[in-house]
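Visitor: Spelled out, the chains give:
2 protein chains.
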Amino acid sequence: MSVLIVGSTALDSIKTPIAENPRLLGGSASHAAVAASFFSPVKLVGVVGDDFPKRYVALYKRHGIDIEGLQMLPGKTFHWSGEYELNMNNRRTLLTELGVFETFTPTLPKGHQNSPFVLLANIAPSLQNHVLNQMQRPKFIVADTMDLWLNIALPDLLKLLKRLDAFVLNDSEAHQLTKEDNVFAALKKIHQLGPKYVIIKKGSHGSILSGPRGFFICPAYPLHKVLDPTGAGDAFVGAMMGYLATAKGSVEDNIRRAMVYGSVTASFCCEGFGLTRTTRIKRAAIDQRVKELEKLTRF
Amino acid sequence: MSVLIVGSTALDSIKTPIAENPRLLGGSASHAAVAASFFSPVKLVGVVGDDFPKRYVALYKRHGIDIEGLQMLPGKTFHWSGEYELNMNNRRTLLTELGVFETFTPTLPKGHQNSPFVLLANIAPSLQNHVLNQMQRPKFIVADTMDLWLNIALPDLLKLLKRLDAFVLNDSEAHQLTKEDNVFAALKKIHQLGPKYVIIKKGSHGSILSGPRGFFICPAYPLHKVLDPTGAGDAFVGAMMGYLATAKGSVEDNIRRAMVYGSVTASFCCEGFGLTRTTRIKRAAIDQRVKELEKLTRF
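Protein chains in written order, with the working numbering: chain A, 1393 to 1691; chain B, 1393 to 1691.
One thing to keep in mind: the hints can contain errors.
No distinction is drawn between identical chains; accordingly, a pair holds when it is met within one copy or between any pair of copies.
[Stated by the list, open to error] In the EDC-like style, the derived pairs of lysine to aspartate or glutamate whose C-alpha atoms are separated by at most 16 Å in a straight line are:
{"no.": "1", "residue 1": "1617", "residue 2": "1573"}
{"no.": "2", "residue 1": "1531", "residue 2": "1644"}
{"no.": "3", "residue 1": "1617", "residue 2": "1572"}
{"no.": "4", "residue 1": "1617", "residue 2": "1477"}
{"no.": "5", "residue 1": "1594", "residue 2": "1572"}
Honestly, the hints are just simulated from the structure, not real lab data.
Based on the sequences and whatever the hints tell you, model everything.
Guide: Take a look at the structure:
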């Protein structure tokens, strides 16, 4: 089965103390779509301007990503610019130019409306809700978010949470949403807001799933060097959804392994700027790291 | 086989926004010894003053801990007082009275000198070295440390590292020692200082082993509420050594499972002030959580 992915499609200029990488392909939907493409067919919905490089259209196509739902409008593509400190832990935004993204309204082509697996990657929750309004009965809906929406669009987000099967957020966002320092206490509170599955991402410390079968402690793949963590969270949830869309059996049976695939795909994302490393790997490299991770956690 | 544990034996006064707990049994050796006692015979080496409550001597004995090496000197027992913030993440020291600990020199009774498993719990590295000078050929030597010794006794610590089989420290200490933010890069540098096994503790994020068979990612047991994390790191390494001392087969075969037992025993420690929760559990409760943790990590 295919995965429908809606989110931002952007150009990211990423600066570190040793390198500048201007106008890389970025955005939550781009990272999630490329990650999902290793596992299942992907339909991407987003918006770009008329400055969007043809090589990035070619990149989507090389990954077999259906871009019928990618709107191309006159104007500039969403451009984000950020700078990392040497330790890669602290990032600051230098510039955000919304461009055509400012008035983006995701409109689903007819063939997209019955997609069984839906990933609402990080965009405004009002737009995530708008996408669901156009859908028939998806089998499994997951949404991601960011701190910005907790600050400025909480009512929309709370409305969205009631419509999801799974909600993915990072530990600081979970704290912001629930005021709980303890991740397990936060998970409990987030379930009360709607979702059956809640996943809290903890970066290099892995992630935690809470669902009908209890908790799952998902490890991160050991990386000796992180070049650029931008998009790793999107790659995680994208690969997870791609895996779920093609795995035999129920979501409940498969979600743990799907998270491990997400974790490993995110590890490749961190090893290069933007999507540069992820687009160079093959499925076999992902399978290999999943096997390694299995060995690294057995006792 | 038995475990020899040398470290601090103290009275801890622990204050939180909702409770005050004066003069609890504490110290690195106390926490480690009680944790180890669930698995193997323990010989404790430390020092207390003539104010040391008889009920704590009884507590050691109830856990079958051999206190022949516990010196009782005229003067006051080492007293530490600290205050936690509501979120339990931030602790500040209110008071440190060294008492008889100030001039402590650990002297091993003759029967202790051929102990096969040696845990040098957190005390000054010069004293840890002094203990090893009195030993015959131990089978497995582990040491723990703290930030203070990295600041004021680094040469002694570096000398100690060359004599260890395993070194246990937390993530911020690993960063302090190696200047590496990345935990896997830090592990590599610490091996170069001597130890064959290096374990980095990451609190609620679990711990990482690096050894001859590569990495092991050890999970933390999920706790919804942490009452008092004081001594959890000591309980972790104490239980690990207790498990190793009685498990059949080589250290290499058993160390992963030993760490999981350490992780679970530390989880009980966090659920009560001082040793209050740990002293009330039975081995079966530990086994039960290890089984749960196995289920929480399988995929």
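Visitor: Run every hint past the structure and note whether it holds.
Guide: The hints, checked one at a time:
When the C-alpha separation of residue 1617 and residue 1573 is checked against a cutoff of 16 Å, the pair qualifies only between copies, where the shortest distance is 10 Å, while the shortest distance within a copy is 28 Å. With identical chains, the CA atoms of residue 1531 and residue 1644 are at most 16 Å apart within one copy only, with a shortest distance of 12 Å there and 46 Å across copies. Taking identical chains as interchangeable, the C-alpha atoms of residue 1617 and residue 1572 lie at most 16 Å apart only when they sit on different chains, with a minimum of 10 Å there against 31 Å within one chain. Taking the shortest Cα distances, residue 1617 and residue 1477 sit within 16 Å of each other inside one copy (14 Å), while across copies they are farther apart (34 Å).
With identical chains, the CA atoms of residue 1594 and residue 1572 are at most 16 Å apart within one copy only, with a shortest distance of 15 Å there and 19 Å across copies.
Consistency note: the structure conflicts with none of the earlier hints.
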